[in-house]
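Residues -21 to -1, 1 to 263, numbered by mature numbering (1 follows the signal peptide of the UniProt record, and there is no 0), are exactly what the sequence shown covers, in order.
Among the hints, a few may not be true.
The calculated label-pair distances, taken between Cβ atoms and stated as ranges, are [said to hold, decoys possible]:
| no. | residue 1 | residue 2 | range |
| --- | --- | --- | --- |
| 1 | Thr65 | Arg244 | 24 to 34 Å |
| 2 | Glu83 | Pro150 | 16 to 26 Å |
| 3 | Phe229 | Glu185 | 17 to 27 Å |
| 4 | Pro184 | Arg217 | 36 to 46 Å |
| 5 | Gln52 | Ala145 | 15 to 25 Å |
| 6 | Gly36 | Glu70 | 17 to 27 Å |
Note that these hints are calculated values from the structure, not bench results. Source: prediction; values computed, not measured. Don't be surprised by glycine CBs; every beta carbon is placed ideally from N, CA and C.
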Amino acid sequence: MAVAVAALSLTGWLAWNPACADATSTAQQVGLGAQSLALLPPHTDGADLGQSPPSLGPLERLQRLRAAKRACQGPCEIPFGARLGTADGVEARSNCSSACLRLEYSFVDPTTGEVQVADKSPDADRFEYAGVTYQCVEYARRWWIRNRSLTFGDVPTAADIFDLTAGLRLPGREPVPLGRSLNGAGKRAPQRGDLVIYARDHADPEWRFGHVAVVVGVNLKQGWVELAEENYDNLPWRDPEAYARRIRLFAVGGRYTLIDVEPGRTRHPGGGQIVGWLYPLAEP
(Lines of atoms letter the chains of each structure in order from A and count residues from 1; the text may use other names and numbers.)
(Lines give C-alpha, C1' and ligand atoms only; values in the text may rest on other atoms or scores of the structure.)
Protein backbone atom coordinates (compact mmCIF):
# COMPACT_ATOMS: atom_id res chain seq x y z
CA MET A 1 0.00 0.00 0.00
CA ALA A 2 2.42 2.69 1.06
CA VAL A 3 6.15 2.55 1.36
CA ALA A 4 6.87 5.82 3.11
CA VAL A 5 10.55 6.10 3.81
CA ALA A 6 11.90 9.56 4.59
CA ALA A 7 15.53 8.61 4.14
CA LEU A 8 17.70 11.44 2.86
CA SER A 9 20.50 9.33 1.43
CA LEU A 10 21.80 5.82 0.99
CA THR A 11 23.74 6.31 4.21
CA GLY A 12 20.57 7.36 5.98
CA TRP A 13 18.73 4.30 4.73
CA LEU A 14 21.47 1.94 5.88
CA ALA A 15 21.61 3.61 9.27
CA TRP A 16 17.85 3.57 9.75
CA ASN A 17 16.94 1.04 12.39
CA PRO A 18 14.02 2.30 14.50
CA ALA A 19 13.99 1.27 18.12
CA CYS A 20 10.99 -0.60 19.43
CA ALA A 21 8.34 1.72 20.83
CA ASP A 22 7.71 1.58 24.55
CA ALA A 23 4.59 -0.22 25.65
CA THR A 24 2.53 2.91 26.24
CA SER A 25 3.39 4.42 22.87
CA THR A 26 2.55 1.21 21.03
CA ALA A 27 -0.71 0.86 22.92
CA GLN A 28 -1.71 4.34 21.81
CA GLN A 29 -0.88 3.51 18.20
CA VAL A 30 -3.32 0.60 18.20
CA GLY A 31 -6.07 2.58 19.89
CA LEU A 32 -5.67 1.30 23.45
CA GLY A 33 -5.08 4.71 25.01
CA ALA A 34 -2.71 4.66 27.96
CA GLN A 35 -3.22 0.96 28.69
CA SER A 36 0.10 -0.82 28.34
CA LEU A 37 0.34 -3.80 26.02
CA ALA A 38 2.19 -5.47 28.85
CA LEU A 39 -1.10 -5.47 30.79
CA LEU A 40 -3.07 -7.22 28.06
CA PRO A 41 -4.02 -10.83 28.73
CA PRO A 42 -2.24 -13.48 26.66
CA HIS A 43 -3.80 -14.56 23.35
CA THR A 44 -5.10 -11.05 22.59
CA ASP A 45 -5.75 -11.00 18.86
CA GLY A 46 -4.43 -7.84 17.16
CA ALA A 47 -1.97 -6.77 19.87
CA ASP A 48 0.86 -6.92 17.31
CA LEU A 49 -0.52 -4.12 15.12
CA GLY A 50 1.52 -0.94 15.22
CA GLN A 51 4.63 -2.46 16.75
CA SER A 52 7.99 -1.54 15.29
CA PRO A 53 9.55 -4.19 13.04
CA PRO A 54 12.40 -6.35 14.28
CA SER A 55 15.85 -4.79 14.01
CA LEU A 56 17.62 -5.40 10.71
CA GLY A 57 21.32 -5.81 10.11
CA PRO A 58 23.20 -3.66 7.56
CA LEU A 59 23.19 -6.44 4.96
CA GLU A 60 19.44 -6.96 5.11
CA ARG A 61 18.81 -3.21 4.94
CA LEU A 62 21.05 -2.98 1.87
CA GLN A 63 19.22 -5.90 0.27
CA ARG A 64 15.89 -4.20 0.89
CA LEU A 65 17.14 -0.96 -0.62
CA ARG A 66 18.35 -2.75 -3.74
CA ALA A 67 15.01 -4.56 -4.05
CA ALA A 68 13.15 -1.25 -3.69
CA LYS A 69 15.23 0.34 -6.45
CA ARG A 70 14.66 -2.69 -8.73
CA ALA A 71 10.92 -2.43 -8.14
CA CYS A 72 10.93 0.95 -9.89
CA GLN A 73 11.75 -0.85 -13.14
CA GLY A 74 8.25 -2.33 -13.13
CA PRO A 75 5.78 -3.70 -13.66
CA CYS A 76 4.03 -0.49 -12.64
CA GLU A 77 0.39 0.13 -11.86
CA ILE A 78 0.82 3.12 -14.18
CA PRO A 79 4.21 4.55 -15.26
CA PHE A 80 6.41 6.19 -12.64
CA GLY A 81 5.77 9.93 -12.52
CA ALA A 82 2.42 9.82 -14.34
CA ARG A 83 -0.17 12.23 -12.95
CA LEU A 84 -2.77 10.64 -10.66
CA GLY A 85 -4.75 13.73 -9.71
CA THR A 86 -4.64 17.16 -8.10
CA ALA A 87 -6.13 18.49 -4.86
CA ASP A 88 -6.00 22.17 -3.94
CA GLY A 89 -3.28 22.84 -6.48
CA VAL A 90 -1.07 19.98 -5.26
CA GLU A 91 -0.43 17.36 -7.91
CA ALA A 92 0.04 13.67 -7.08
CA ARG A 93 2.09 11.33 -9.26
CA SER A 94 2.59 7.59 -9.55
CA ASN A 95 5.36 5.85 -7.65
CA CYS A 96 5.04 2.86 -10.03
CA SER A 97 4.29 0.45 -7.17
CA SER A 98 4.30 0.60 -3.40
CA ALA A 99 7.61 -1.30 -3.36
CA CYS A 100 9.46 1.28 -5.47
CA LEU A 101 11.95 3.73 -3.94
CA ARG A 102 13.99 6.25 -5.91
CA LEU A 103 16.45 8.33 -3.93
CA GLU A 104 15.29 11.57 -5.52
CA TYR A 105 13.88 14.45 -3.52
CA SER A 106 11.14 17.01 -4.06
CA PHE A 107 11.46 20.67 -3.14
CA VAL A 108 8.52 23.07 -3.28
CA ASP A 109 8.23 26.84 -3.47
CA PRO A 110 5.62 27.67 -0.80
CA THR A 111 4.53 30.80 -2.66
CA THR A 112 4.09 29.50 -6.20
CA GLY A 113 3.78 25.76 -5.64
CA GLU A 114 6.58 25.09 -8.11
CA VAL A 115 8.18 21.68 -7.50
CA GLN A 116 11.71 20.71 -8.41
CA VAL A 117 13.26 17.26 -8.14
CA ALA A 118 16.94 17.26 -7.25
CA ASP A 119 19.63 15.67 -5.09
CA LYS A 120 19.74 18.78 -2.91
CA SER A 121 17.80 22.01 -2.57
CA PRO A 122 18.11 24.13 -5.74
CA ASP A 123 17.69 27.31 -3.64
CA ALA A 124 17.48 26.94 0.13
CA ASP A 125 16.07 30.46 0.52
CA ARG A 126 13.19 29.74 -1.84
CA PHE A 127 12.41 26.03 -1.71
CA GLU A 128 11.24 23.82 1.16
CA TYR A 129 12.15 20.14 1.34
CA ALA A 130 9.10 17.93 0.73
CA GLY A 131 10.50 14.39 0.76
CA VAL A 132 11.41 11.40 -1.35
CA THR A 133 9.61 11.80 -4.67
CA TYR A 134 6.12 10.36 -5.00
CA GLN A 135 6.05 8.82 -1.54
CA CYS A 136 3.05 9.42 0.71
CA VAL A 137 5.03 11.51 3.21
CA GLU A 138 6.24 13.77 0.39
CA TYR A 139 2.68 14.48 -0.75
CA ALA A 140 1.39 15.18 2.76
CA ARG A 141 4.25 17.56 3.51
CA ARG A 142 3.89 19.28 0.13
CA TRP A 143 0.14 19.76 0.65
CA TRP A 144 0.72 21.31 4.07
CA ILE A 145 3.46 23.59 2.70
CA ARG A 146 1.27 24.79 -0.14
CA ASN A 147 -2.08 25.09 1.62
CA ARG A 148 -1.29 25.60 5.31
CA SER A 149 2.14 27.27 5.21
CA LEU A 150 3.28 24.49 7.53
CA THR A 151 5.84 21.73 7.33
CA PHE A 152 7.08 19.00 9.65
CA GLY A 153 10.42 17.37 10.33
CA ASP A 154 11.94 14.16 9.05
CA VAL A 155 10.32 10.90 10.11
CA PRO A 156 11.58 7.33 9.66
CA THR A 157 8.17 6.16 8.35
CA ALA A 158 4.70 7.52 7.67
CA ALA A 159 3.40 5.86 10.84
CA ASP A 160 5.81 7.96 12.92
CA ILE A 161 4.06 11.18 11.87
CA PHE A 162 1.42 10.43 14.50
CA ASP A 163 4.01 10.96 17.24
CA LEU A 164 5.03 14.46 16.09
CA THR A 165 4.26 17.13 18.67
CA ALA A 166 5.14 20.23 16.63
CA GLY A 167 5.22 21.45 13.06
CA LEU A 168 6.93 24.52 11.63
CA ARG A 169 5.18 27.66 10.40
CA LEU A 170 6.60 29.07 7.17
CA PRO A 171 8.50 31.11 6.25
CA GLY A 172 9.96 31.79 9.68
CA ARG A 173 9.86 28.14 10.86
CA GLU A 174 8.30 28.99 14.22
CA PRO A 175 7.07 25.91 16.12
CA VAL A 176 3.35 25.14 15.91
CA PRO A 177 1.94 22.58 18.37
CA LEU A 178 0.26 19.55 16.82
CA GLY A 179 -2.67 17.60 18.20
CA ARG A 180 -3.95 14.16 17.33
CA SER A 181 -7.18 12.20 17.63
CA LEU A 182 -7.09 8.47 18.27
CA ASN A 183 -9.23 6.59 15.79
CA GLY A 184 -12.30 5.25 17.55
CA ALA A 185 -11.71 7.33 20.68
CA GLY A 186 -11.26 10.92 19.51
CA LYS A 187 -14.09 13.40 20.03
CA ARG A 188 -12.84 15.78 17.32
CA ALA A 189 -14.04 14.74 13.88
CA PRO A 190 -11.53 14.72 11.01
CA GLN A 191 -11.35 18.11 9.34
CA ARG A 192 -10.07 19.37 6.02
CA GLY A 193 -6.27 19.52 6.05
CA ASP A 194 -5.81 16.86 8.75
CA LEU A 195 -3.30 14.08 8.11
CA VAL A 196 -4.77 10.58 8.40
CA ILE A 197 -2.13 8.17 9.70
CA TYR A 198 -2.15 4.43 9.05
CA ALA A 199 -0.50 1.89 11.34
CA ARG A 200 2.60 -0.02 10.37
CA ASP A 201 2.27 -3.78 10.07
CA HIS A 202 5.69 -5.39 9.86
CA ALA A 203 4.07 -8.74 9.00
CA ASP A 204 2.72 -7.27 5.74
CA PRO A 205 5.31 -5.85 3.28
CA GLU A 206 2.67 -3.52 1.82
CA TRP A 207 2.13 -1.88 5.22
CA ARG A 208 5.59 -2.11 6.74
CA PHE A 209 5.86 1.69 6.99
CA GLY A 210 2.21 2.67 7.40
CA HIS A 211 0.73 5.42 5.24
CA VAL A 212 -0.38 9.05 5.41
CA ALA A 213 -3.08 10.88 3.45
CA VAL A 214 -4.56 14.39 3.56
CA VAL A 215 -8.23 15.01 4.35
CA VAL A 216 -9.61 17.24 1.57
CA GLY A 217 -13.33 16.73 2.17
CA VAL A 218 -15.65 15.68 5.01
CA ASN A 219 -19.36 14.80 5.03
CA LEU A 220 -20.48 14.00 8.56
CA LYS A 221 -24.09 13.40 7.52
CA GLN A 222 -23.25 10.84 4.84
CA GLY A 223 -20.34 9.43 6.82
CA TRP A 224 -17.25 9.78 4.64
CA VAL A 225 -14.04 11.70 4.19
CA GLU A 226 -12.17 12.38 0.96
CA LEU A 227 -8.42 11.79 0.88
CA ALA A 228 -5.58 13.10 -1.31
CA GLU A 229 -2.38 11.07 -1.40
CA GLU A 230 0.47 9.39 -3.23
CA ASN A 231 1.65 5.78 -3.17
CA TYR A 232 -1.50 4.15 -1.84
CA ASP A 233 -2.45 2.09 -4.89
CA ASN A 234 -0.70 4.22 -7.57
CA LEU A 235 -3.88 4.33 -9.64
CA PRO A 236 -5.64 7.40 -11.06
CA TRP A 237 -7.74 9.19 -8.47
CA ARG A 238 -11.50 8.62 -8.33
CA ASP A 239 -11.90 12.35 -9.06
CA PRO A 240 -8.62 13.52 -10.64
CA GLU A 241 -9.43 17.18 -9.92
CA ALA A 242 -10.45 16.82 -6.28
CA TYR A 243 -9.62 13.64 -4.34
CA ALA A 244 -8.08 10.18 -4.55
CA ARG A 245 -10.78 8.17 -2.76
CA ARG A 246 -13.42 8.23 -0.05
CA ILE A 247 -13.42 6.18 3.13
CA ARG A 248 -16.10 5.62 5.74
CA LEU A 249 -16.54 7.77 8.84
CA PHE A 250 -18.64 6.74 11.83
CA ALA A 251 -19.75 8.73 14.89
CA VAL A 252 -20.64 6.56 17.87
CA GLY A 253 -21.31 8.08 21.27
CA GLY A 254 -19.64 11.33 20.28
CA ARG A 255 -16.43 9.58 19.20
CA TYR A 256 -15.21 9.19 15.64
CA THR A 257 -13.92 6.20 13.70
CA LEU A 258 -12.40 6.05 10.21
CA ILE A 259 -12.46 2.74 8.35
CA ASP A 260 -10.36 2.13 5.22
CA VAL A 261 -13.40 1.01 3.22
CA GLU A 262 -15.26 2.92 0.52
CA PRO A 263 -18.81 4.08 1.27
CA GLY A 264 -21.33 1.42 0.31
CA ARG A 265 -18.87 -1.41 0.87
CA THR A 266 -18.13 -3.60 3.87
CA ARG A 267 -14.81 -5.17 2.88
CA HIS A 268 -11.38 -4.04 1.66
CA PRO A 269 -8.95 -6.99 1.78
CA GLY A 270 -5.95 -4.81 0.88
CA GLY A 271 -6.80 -1.92 3.20
CA GLY A 272 -4.92 -0.69 6.22
CA GLN A 273 -5.66 0.13 9.85
CA ILE A 274 -5.97 3.81 10.70
CA VAL A 275 -4.29 5.06 13.87
CA GLY A 276 -5.87 8.52 13.89
CA TRP A 277 -5.50 12.01 12.45
CA LEU A 278 -3.01 14.82 13.11
CA TYR A 279 -3.58 18.58 12.93
CA PRO A 280 -2.15 21.94 14.05
CA LEU A 281 -3.57 23.27 17.30
CA ALA A 282 -3.13 26.85 16.09
CA GLU A 283 -3.79 27.89 12.51
CA PRO A 284 -0.95 29.80 10.82
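Tested hints:
1. A hinted range of 24 to 34 Å holds for the C-beta pair Thr65 and Arg244, which are about 25 Å apart.
2. Our hint of 16 to 26 Å for Glu83 and Pro150 holds, since their Cβ atoms are close to 25 Å apart.
3. In this structure, Phe229 and Glu185 meet the distance hint of 17 to 27 Å, their C-beta atoms being roughly 25 Å apart.
4. Checked against the given bound of 36 to 46 Å, the beta carbons of Pro184 and Arg217, roughly 25 Å apart, lie outside it.
5. About 39 Å separates the C-beta atoms of Gln52 and Ala145, a value inconsistent with the hinted range of 15 to 25 Å.
6. In this structure the hint that Gly36 and Glu70 lie 17 to 27 Å apart at CB is violated, the actual value being about 38 Å.
Going through the hint list in order, the structure does not satisfy hints 4, 5 and 6.
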